[in-house]
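K.L.:
Next come the chains, spelled out residue by residue.
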Amino acid sequence: DAGVIQSPRHEVTEMGQEVTLRCKPISGHDYLFWYRQTMMRGLELLIYFNNNVPIDDSGMPEDRFSAKMPNASFSTLKIQPSEPRDSAVYFCASSLEAGRGRSEKLFFGSGTQLSVL
Amino acid sequence: AQTVTQSQPEMSVQEAETVTLSCTYDTSENNYYLFWYKQPPSRQMILVIRQEAYKQQNATENRFSVNFQKAAKSFSLKISDSQLGDTAMYFCAFMSAWGGAQKLVFGQGTRLTINP
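Protein sequence lines correspond, in order, to chains A and B. Going by the working numbering, 76 is the number at position 76 of the first sequence; the sequence numbering is gapless. Here the working numbering = 1-based position in the second sequence + 117.
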């Protein structure tokens, strides 16, 4: 398996523009997570899905952020409108549901470096 | 809510030395998982080692080992015979084993530099 795939690897945009980050989880994984990493706040969980259903979105900073998982192999994180303080690395991760001999280990993508000017 | 604290923002040692990174956490749960992740300059998050809270034996993976003190809620990482490739950010993380909440809570990280 190719692992968790994120695109784009880098995104530079201007304030006010819409940004869409994409993620393809590992095939067969039950959970998908979106994390944001900044120098000031470290790694923060934004939202996670279980079997394509959003379970906890309490980490989504504000209404400008939205995430969808239309099917088991694809998720998007959208920021509209973007602001300079949204500049960060955004990671997607996926995992199997723990128990029944399965591992709870999270597999991370390579992240998207977002710069909002 | 669970919290994870790494009190050492930066550490630096010479190659081949042993280094220990500290981590404490706060939880009211009895069953959970603890992890150390490595993030090299490539940005990739790499799992170094994991510990299940109900296991008393400390986890070991080659040169990496942990000192898990459940009562003290402490989970330190020891790197033996450090190598230049160990230079990276290291994150301690907590995951509840209850209710299917498989989300990771991370500490702020420790930047480790191995000097030649």
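Since the hints were made in silico from the structure, they are not lab data. Using N, Cα and C, we set each Cβ at its ideal position, and we do this for glycine too. Hints should not be assumed to be uniformly reliable.
As the list claims (entries may be wrong) - If the Cβ cut is set under 8 Å, some of the chain B residues that face chain A in the computed set are: (1) N147; (2) N148; (3) Y149; (4) Y150; (5) P158; (6) R160; (7) M162; (8) V165; (9) I166; (10) T204; (11) W215; (12) R228.
K.L.:
Any of the earlier hints contradicted here, and which numbers?
P.N.:
1, 2, 3, 5, 8, 9, 10, 11, 12
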